[in-house]
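Engineer: Each chain is listed here by its residues.
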Amino acid sequence: MLILFWILALTCVGASIAMVVTQNPVRSALYLVITFLCVAVFYVMLSAQFLAAVQIIVYAGAIMVLFLFVIMLLNLGAPQALRERGTLQPFFAAVLGTAFVVMLLLSNSLVALSKVRPAAPPEVYVPLGTVEGIGKNLFDPKQPWILPFEITSILLLVAIVGAVIMAKRRIQDHTP
Amino acid sequence: MITTEHYLVLSAILFTVGTIGVLVKRNPIVIFMCIELMLNAANLTLVALGRHFGQVNGQMYVIFALAVAAAEVSVGLGIIVAIFRTKETINIDEVNLMKF
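Protein chains in written order, with our numbering: chain A, 1 to 176; chain B, 177 to 276.
Incorrect hints may appear among the rest.
Distance condition first, Cα-Cα at most 27 Å in a straight line; then the derived DSS-like pairs of lysine-lysine [to be verified]:
(1) K263/B - K275/B
(2) K168/A - K275/B
(3) K136/A - K275/B
Hints were generated in silico from the structure; no laboratory data involved.
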């Protein structure tokens, strides 16, 4: 199990770094699909089966198709379409990113979660992530999730209308 | 034995890679992809901590974060298409409509 974790973690981090490094947006999208699939397997390992299925359907399916469709529509597939300028920006970004990850790792290791509070046993968390567990909790009147669920439907409606309007309208160019 | 800290460290690294991508890249579509990566890292943290404390609430947050991410991507890509139709480029350095 630990070996599987390390293989998946290295694949995941490697694919995400390749996504940032490569110049071709189509390749970036395909590397991002690899990252999403690895995260879906992590969800299965964390016994969140429903979220793993949703991750594959929504992220690796719908959102990545949307990305690839826009790349195709705008004809950005050529690597020379957007040449990055040679500046010092990647250097500073690498320095700041290193500082950021060191800060995050320090905060993680200082907490030492498993020592302060041991993890829940499997018989507690295994039935939580199934479709039945998620659905019972989502529509439980004693839980506060029903109102956010309804607001989410309004959010998606607004997003549909907004996407249609943004794609139809032509923005006025104010630059002289 | 995989502890919760393994997942926390992994998601910290993924989040940092996404942050560096947002800082470095010039292509707004790739910047959106990096934002999705950061959202995924945060979701992984939520699920791992939810399992650690034996609660389902972390997975609930992830469901709502998924819905928000889907809405954000659809509207954002619509904005990118609109900018491209107006200015014939989407290079983030040349799009300064909101710069005063």
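Engineer: Each hint: holds or not?
Structural biologist: Status of the hints after comparison with the structure:
{"no.": "1", "hint": "K263/B - K275/B", "in the structure": "holds (15 Å)"}
{"no.": "2", "hint": "K168/A - K275/B", "in the structure": "holds (24 Å)"}
{"no.": "3", "hint": "K136/A - K275/B", "in the structure": "violated (48 Å)"}
Comparing the model with each numbered hint stated earlier shows that hint 3 is the single one that does not hold.
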